[in-house]
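Sequence order for the protein chains is A and B.
Residue numbering for the first sequence follows full-length UniProt numbering, beginning at 1 and increasing consecutively.
Residue numbering for the second sequence follows full-length UniProt numbering, beginning at 1 and increasing consecutively.
FYI, nobody ran anything at the bench for these hints, they're computed from the structure.
Be aware that one or more of the hints could be misleading.
Because identical chains cannot be distinguished in the list, a pair is counted as satisfied if it fits within a single copy or across any two copies.
To be verified - No more than 20 Å apart at the CA atoms, straight line, and that leaves these computed lysine to aspartate or glutamate pairs for DMTMM-like:
| hint | residue 1 | residue 2 |
| --- | --- | --- |
| 1 | K69 | D325 |
| 2 | K12 | E281 |
| 3 | K206 | D277 |
| 4 | K145 | E39 |
| 5 | K22 | E34 |
| 6 | K206 | E172 |
| 7 | K69 | D203 |
| 8 | K145 | D299 |
| 9 | K297 | E262 |
| 10 | K145 | E34 |
| 11 | K22 | D116 |
| 12 | K272 | D223 |
| 13 | K272 | D100 |
Protein chains: 2
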Amino acid sequence: MRENMSDQSSQKPHDRLAAVLKDDLDAVSIMISERMASEHAPRIPQVTAHLVEAGGKRLRPMLTLAAAKLCGYTGPYHIHLATTVEFIHTATLLHDDVVDESAQRRGRPTANLLWDNQSSVLVGDYLFARSFQLMTEPGSMRVMKILSNAAATIAEGEVLQLTAAQNLATTEAVYFQVVRGKTAALFSAATEVGGVISDAPEDHVKALFDYGDALGIAFQIVDDLLDYQGSDATGKNIGDDFRERKLTLPVIKAVALADAEEHAFWVRTIEKGKQVDGDLEHALALLNKHGTLDTTKADALMWADTAKAALAILPDHEIKGLLVDLADYVVARIS
Amino acid sequence: MRENMSDQSSQKPHDRLAAVLKDDLDAVSIMISERMASEHAPRIPQVTAHLVEAGGKRLRPMLTLAAAKLCGYTGPYHIHLATTVEFIHTATLLHDDVVDESAQRRGRPTANLLWDNQSSVLVGDYLFARSFQLMTEPGSMRVMKILSNAAATIAEGEVLQLTAAQNLATTEAVYFQVVRGKTAALFSAATEVGGVISDAPEDHVKALFDYGDALGIAFQIVDDLLDYQGSDATGKNIGDDFRERKLTLPVIKAVALADAEEHAFWVRTIEKGKQVDGDLEHALALLNKHGTLDTTKADALMWADTAKAALAILPDHEIKGLLVDLADYVVARIS
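Bound conformation, chain A alone (with noise of 0.2 Å):
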């Protein structure tokens, strides 16, 4: 942790975080309220600021401001832009809630339940137009290619997490393809823009980029594992992923190593989906036999410190050690 933190060391680096960033926060939220409007179809905001208002963290906004911020930027462009990629997120999280018929997002009822699922999907469609037409504004063609390709990594690896599903021939690589899809794309592209927009070195561009990469990555795992160790501070049940025959880090090392029998186990529970009482504690048994939750959190942290390590380059700066703390807290929850 960073030394320089007086009366606010006992803040999380995201509260941190979001105080230097303020202004420029508010500033988002006011775009968001602006560009969420629809002339026509009351509809479309009354969707949106049902997810919009229910919170979330503004964790990928905040990455895209706090980039321009770290480079120096001075124009009025990162506010679009944070706007951009927070729309492109909850338009993910409306399609997503379809595609999972998850009940639940943020402690509250999803769209698809309060409305329909006809709802979730053409106000999702309206979110991503209106991130395009938002990413346009700044006129730079290398942030639209940079949006542009992050949305369809996005696509393409929530296609891929739904045929990998429930095929326990899922390998590591495959994972690690859909986690750089459903999470990493969009962190990094959130970071690299701020440092385009900002006309910041080629290298300080590549490190932003790598830095919101391997901390999408970082939160993935973390995300994934909590799934089966708990959290006080999630309110996630533990094993939901299983139940829902989720094949994550932890399961996909298991497999991996398991014996004709353990195979039998997860080729009943996850290919099949017959689970019976105790399956879950018999999996978890699996799971600590071969120490698997303990070798992904030792690839979090492995990925968290190469977030941090990519930062090295960039100048000193306030942001630069908040986005380091920022590293470390997310994997905090599991350490």
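Since chain A is already given, all that's left is putting chain B on it; use the hints.
Just chain B now, with coordinates in the frame of chain A:
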């Protein structure tokens, strides 16, 4: 009809346009195949190919190619933009079939039936993202704004249709708003970007926009009319929209002219959806009583005339004649 059609006179204008644009259309087909590929998720090209290979008339990309050729464009990027337009269209079809819970499209089972809703939602997202990648390639900010605005208008129109459905208070103004979104926005963007990419004079660009807008509106009105009139060519069942309780122009006009008893009939069948045998026949009798099939037809013909009139300022060109014929052909199905 034009005079210089010679031996082609027996062909439909759509087919003659396709013949004139053959090389460009072939290039679009190749680009569609290339760009719908996915390195990691084979489900994506499977779903897309199912829809793309089912044919469809490629009307929208043809409008972009025609506009560019009419304006003397000699560069390569009309192919990218025509492919963009087809991807946006295909993505909206995938999402529409989820929203409408459709089982058939272009005479084949829909993707949501063959695979699942999840695949349709996510592959649609992938094609949207691909279309945004494609539209950046010509490097024209104006083109990107036109196409991203069209995507937002489409989604907004779909949401508006969803919320206006089964609401007898829906006015003709709301109907046209929906039609602009679901159909005309992509037609007009398709023709407009063909002019913009060619650096055509502003009044020519505007003429192309106006043509696409009016053609799209005529096209949708005809579609809605045929649902009550029937047509050998479409294979559509008479009364699908009535059974699905969709408020289209012939019914909106009849509701506006209804007496109390007729109003009660529309409330029961459309708003409440309590339909019994003989209701479709009674609905048709009411449309005939108030002449709304005729007034709807007159509207369609007026929009086709508007489309043709918009072309007047453009220079004489083989393509211009074909676009005039195309406008006649769109409404010929109801003449």
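Quick rundown of the hints versus the structure:
Taking identical chains as interchangeable, the C-alpha atoms of K69 and D325 lie at most 20 Å apart only when both belong to the same chain, with a minimum of 17 Å there against 57 Å between chains. When the C-alpha separation of K12 and E281 is checked against a cutoff of 20 Å, the pair qualifies neither within a copy, at 33 Å, nor between copies, at 68 Å. Proximity of K206 to D277 under the C-alpha cut-off of 20 Å is found in neither arrangement, the shortest distances being 49 Å within a copy and 67 Å between copies. Taking CA atoms no more than 20 Å apart as the test, K145 paired with E39 passes between copies only; the shortest distance there is 18 Å, against 29 Å inside one copy.
When the C-alpha separation of K22 and E34 is checked against a cutoff of 20 Å, the pair qualifies only within one copy, where the shortest distance is 18 Å, while the shortest distance between copies is 44 Å. In this assembly of identical chains, K206 and E172 lie within 20 Å of each other by CA distance neither inside one copy nor across copies; the values are 25 Å within and 53 Å between. When the C-alpha separation of K69 and D203 is checked against a cutoff of 20 Å, the pair qualifies only within one copy, where the shortest distance is 17 Å, while the shortest distance between copies is 43 Å. Within a single copy, K145 and D299 get their C-alpha atoms no closer than 30 Å, and across copies no closer than 42 Å, so neither meets the 20 Å cut-off.
In this assembly of identical chains, the alpha carbons of K297 and E262 never lie at most 20 Å apart, being 22 Å within a copy and 69 Å across copies at closest. In the homo-oligomer, the alpha carbons of K145 and E34 lie at most 20 Å apart only across protomers (18 Å), although the nearest pairing inside one protomer, at 24 Å, exceeds that limit. With identical chains, the CA atoms of K22 and D116 are never at most 20 Å apart, being 35 Å at best within one copy and 43 Å at best between copies. For a Cα distance limit of 20 Å, the shortest separation of K272 from D223 qualifies neither inside one copy, at 24 Å, nor across copies, at 45 Å.
With identical chains, the CA atoms of K272 and D100 are at most 20 Å apart within one copy only, with a shortest distance of 18 Å there and 31 Å across copies.
This entry does not satisfy hints 2, 3, 6, 8, 9, 11 and 12, going by the numbered hints stated previously.
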